[in-house]
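Protein chains in written order, with the working numbering: chain A, 2 to 282; chain X, 8 to 302; chain V, 8 to 368.
If you are wondering where the hints come from, they were derived from the structure by calculation, not from laboratory data. Remember, it's a predicted structure, so these values are computed and weren't measured experimentally.
Just so you have them, the derived chain V footprint on chain A, three or more residues with Cβ under 8 Å:
no.: 1; region: 165-174
no.: 2; region: 179-185
Computed cross-link-like contacts, DSBU-like style, restricted to lysine-lysine with a CA-CA straight-line distance of at most 35 Å:
no.: 3; chain 1: X; residue 1: 112; chain 2: V; residue 2: 151
no.: 4; chain 1: X; residue 1: 56; chain 2: A; residue 2: 225
no.: 5; chain 1: V; residue 1: 122; chain 2: X; residue 2: 19
Glycine residues also receive a C-beta, built at the ideal position from the N, C-alpha and C atoms.
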Amino acid sequence: MNDSMKIESRWAKALVIILLTLGAITMLFPFFWMISGSLKTIREITSPEIIWWPEEEQWDNYTTVLTMKTNPFGIYFKNSIIVAVANTVFTLLTTILGAFAFSRLEFKGRDKLFSVLLATMMVPSQMYIITNFITITRMNLYDSLWAQILPYTASVFYIYLLRQFFNQIPDQIYLAAKVDGCSDWKYLWKMMVPNAKSSLVTIGLFNFIASWNAYLWPLMVTGKVEKRVLSIGLKYFASDSGTDYHLMMAGATIVILPLIVIYLVFQKYIIQGIARGGLKG
Amino acid sequence: MVGQNQKKTFLKAMLYLLPALVIIAVFVVWPMFHTLRMSFFEKFNIFTKTGEGFGLSSYIWVLEDPTFHKALINTFIYAVVTVPVSIIISLAIAILLNSGIRGSKFFQTAYFLPYVTNAIAIGLAFRFIFHSEFGVFNKFLGFFGIDAVRWLTDPDWAMVTLCIFGTWSALAFKIVIFLSGLQGIDPQLYQAARIDEAGKWKMFTKITLPQLGPIMAYQFVIATINAFKAYNEVVGLFGDDGPLHSAITMVYYMYDKFYNANRYTIAAASGVIMFIIIMLFTFIQLGMSNRKADQ
Amino acid sequence: MDIRIEGLTKTFSSKENTETIAVNNLTVTIPGGHLVGLLGPSGCGKSTTLFLLAGLHEPTSGRIYFGDEDVTDLPPEKRGIGLVFQNYALYPHMTVYDNIAFPLRNSKSFREAHKDSRERKEAIDMIVQRTAKIVAIEELLKRKPSQLSGGQQQRVAIARAIAKQPKVLLLDEPLSNLDARLRIQTREEIRRIQQATGITTVFVTHDQEEAMSITDEIIVMKDGIVQQVAHPQETYIHPANTFVAQFLGNPPINMIDASIRDGWVMINSDRAIEADLPDGQYKVGVRPESFILSDEGFSALVSYKATIGRDFQVRFDMNGHYSEALIESDQQIEEGDSVRFRLRKSGVHIFDNDGRRIEKW
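Model the full assembly from the supplied sequences, consistent with the hints where possible.
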């Protein structure tokens with residue numbers, strides 16, 4: 002905190018707190034309204050009055066949503082977990098190996114290859130999905146979880162980030178490990194990875210969140226109900242259910258709650274990740 | 008001996024890079040070229056991978072399509088409104104968060120939260136809030152005697168609603184970046200200014216803003232690129248592209264042409280046009296900030 | 008076990024296709040059990056030589072023998088060496104204990120010697136404890152490197168290097184990151200550890216005092232070429248050439264162009280010292296402490312005087328060069344004085360025009 006930016010006057014302080022509180026309400030209200038709505042009856046939710054909190058919490062709304070025949074949120078949830086976890090594990094693997102090669106192995110054409118990869122980051126991902134759809138269909142992966150996992154198991158951006166971190170580990174550590182009989186492979190897993198733990202946690206978190214929130218691509222490659230992930234399920238559910246807003250809010254809460262939990266647990270890593278790496282918004 | 012060693016290192020590096028390179032080659036590099044190629048055909052069969060009518064016909068079709076015009080205009084409106092508004096609001100919030108008041112940890116948690124949310128799910132919550140009959144927003148406006156607005160169903164209001172939602176969604180990320188930028192400013196600058204008896208406003212314009220210059224430029228570029236790619240916000244809020252396609256964006260257009268209309272070459276052409284617009288914008292912006300830096 | 012280096016050369020090629028010769032045709036034998044200093048200014052190739060010995064660099068040509076074994080093509084871990092880096096290079100995420108145990112856990116021969124995992128664990132524990140005791144860090148074993156002072160990190164680095172009982176211990180500027188006081192303490196510690204273990208040790212440094220104080224032998228290098236290999240005292244008393252003479256000694260030796268006429272070195276047109284050499288131009292080096300105020304000898308005008316400890320530092324003109332002398336402070340001398348100096352023979356070196364020392368006293 003910059004001392005000189007501090008506000009001293011009591012009135013100014015009060016004003017700041019009022020403004021921040023109003024702002025915080027604006028930021029949090031949608032979440033509150035979603036959760037409160039998810040516990041209301043249909044009558045309460047469509048009432049012309051403002052009902053801040055239901056008279057009696059309708060926990061059944063959640064059971065209903067999770068076990069629906071047409072939109073089985075239980076299955077969606079499971080799919081989302083599988084896709085996000087698999088995606089994150091594979092991405093971390095390809096990122097670790099790739100970042101190691103670019104940071105530690107001095108092979109011919111390394112810098113050129115790296116700049117070519119960096120250049121691909123300029124192309125918006127929306128441009129590839131057309132071709133990727135064709136590729137996935139031809140690989141006979143349409144309507145599978147693999148279709149949602151595979152294209153996002155490597156990221157130039159994460160390789161770039163991790164390489165930055167790997168580059169900070171002094172060369173002498175590498176040489177010392179060599180003298181101590183450590184192979185490159187062992188060095189990667191015993192030295193670099195343990196030292197890069199916090200970077201890896203951050204990358205893993207961002208990847209998990211991105212995968213959990215992905216929408217357009219999963220929408221394109223899934224037809225069957227049982228292969229949908231939460232984002233897609235929620236969309237279909239919303240268009241199927243008309244004015245059942247209490248159930249829609251329960252569905253939305255199911256999608257968002259894990260994110261809130263992850264956020265509260267790993268806030269430090271996430272904030273640092275954004276601030277340091279400038280991870281995309 | 009040395010040559011052999013070089014070859015060995017190269018092979019070894021390739022083994023390490025193989026997983027990443029295969030994925031990136033198949034799902035990033037190849038699609039760039041393939042999409043570009045596809046965009047130059049009039050018709051394209053995605054199963055035989057052959058096209059007919061090589062030329063610019065798809066581009067001409069897209070550029071003459073009134074729906075594309077609508078998508079282009081909407082995307083521009085969305086960018087022109089949400090980018091500056093969200094930058095100003097988030098800078099203000101970051102400055103308040105950085106003013107040393109108590110409980111700023113709690114406030115930070117609250118303000119950063121929307122960063123991790125799912126656009127479809129929170130879009131649904133906004134859909135509920137903006138509902139013209141029982142939405143809480145209209146009820147709230149009713150307290151001030153303002154008539155109910157059909158936020159989601161009136162084509163004239165759809166873009167307004169989208170911009171409100173878009174601004175709200177874009178704040179968290181920017182606040183984090185601004186806050187870390189503010190915390191990175193050397194306190195000695197303020198101490199020096201204080202000795203020179205500079206007022207708060209002067210400190211803001213003469214120290215804070217110039218010091219945040221590069222961060223501001225970065226935010227501007229990233230935010231604009233993201234605004235050009237707006238899609239999830241639209242679907243989250245409306246479920247489709249709004250009443251009478253009134254909130255259609257470029258990405259929505261592309262997706263719609265590809266997936267619903269099966270006009271692959273049109274979709275590819277619109278994707279390429281989008282890419283060109285983003286590139287042009289980025290280069291102009293970079294050029295501008297470089298020139299500024301030179302001065 | 009001796010280390011024999013024969014015709015060792017290492018060139019680095021940079022991107023612009025220029026080649027720099029870091030080590031140039033180095034041939035030297037380091038006797039077993041000795042503590043040898045590799046001394047020279049930065050960029051002289053001493054660290055490269057060390058890394059070549061370690062196997063971290065591959066030589067362009069030449070061979071390296073440890074005893075009778077040609078180790079030139081062996082990877083570092085098979086050479087039986089321990090290496091201590093300038094910045095210690097401790098593994099930051101491991102405790103001191105794990106740092107010391109790491110080379111043992113990695114060693115194939117160690118694993119083969121202790122097949123049973125429990126027995127191996129005990130063996131490792133024994134060695135770690137014993138090594139920790141040698142370098143006096145027993146109570147630090149559970150700490151992480153970041154919780155240690157520079158001197159403690161240094162000891163851990165040495166412990167890690169000697170844990171697997173290497174045949175050769177290599178130290179790369181091991182004291183340069185320590186403050187002055189700790190440096191003196193630690194260099195004696197290194198001497199003690201070396202004598203206790205009897206490991207052949209090569210010690211790279213650019214600090215002459217460091218090299219002089221603890222080594223059995225010094226190898227002075229410049230531009231990749233060995234200048235002199237000798238006992239530390241010998242390099243000072245009998246420098247092989249102008250470079251060694253100038254590099255060793257503080258304040259540095261005065262180097263002047265002088266002529267010899269009729270068996271006398273002439274300074275400021277006066278006879279300064281007798282020299283049994285043919286007439287001609289020579290380079291003459293005079294150590295600052297070898298000037299003696301006298302009634303005879305060569306004349307000089309004192310232009311500057313300062314007191315340093317118990318000596319006067321005196322500056323005067325000698326054949327058109329400013330030279331510095333250290334004069335004991337019980338002598339009468341002031342700025343502006345016109346004085347005469349005699350030279351003490353042991354501190355005077357005469358070099359031919361190629362820089363080789365040719366006087367024989």
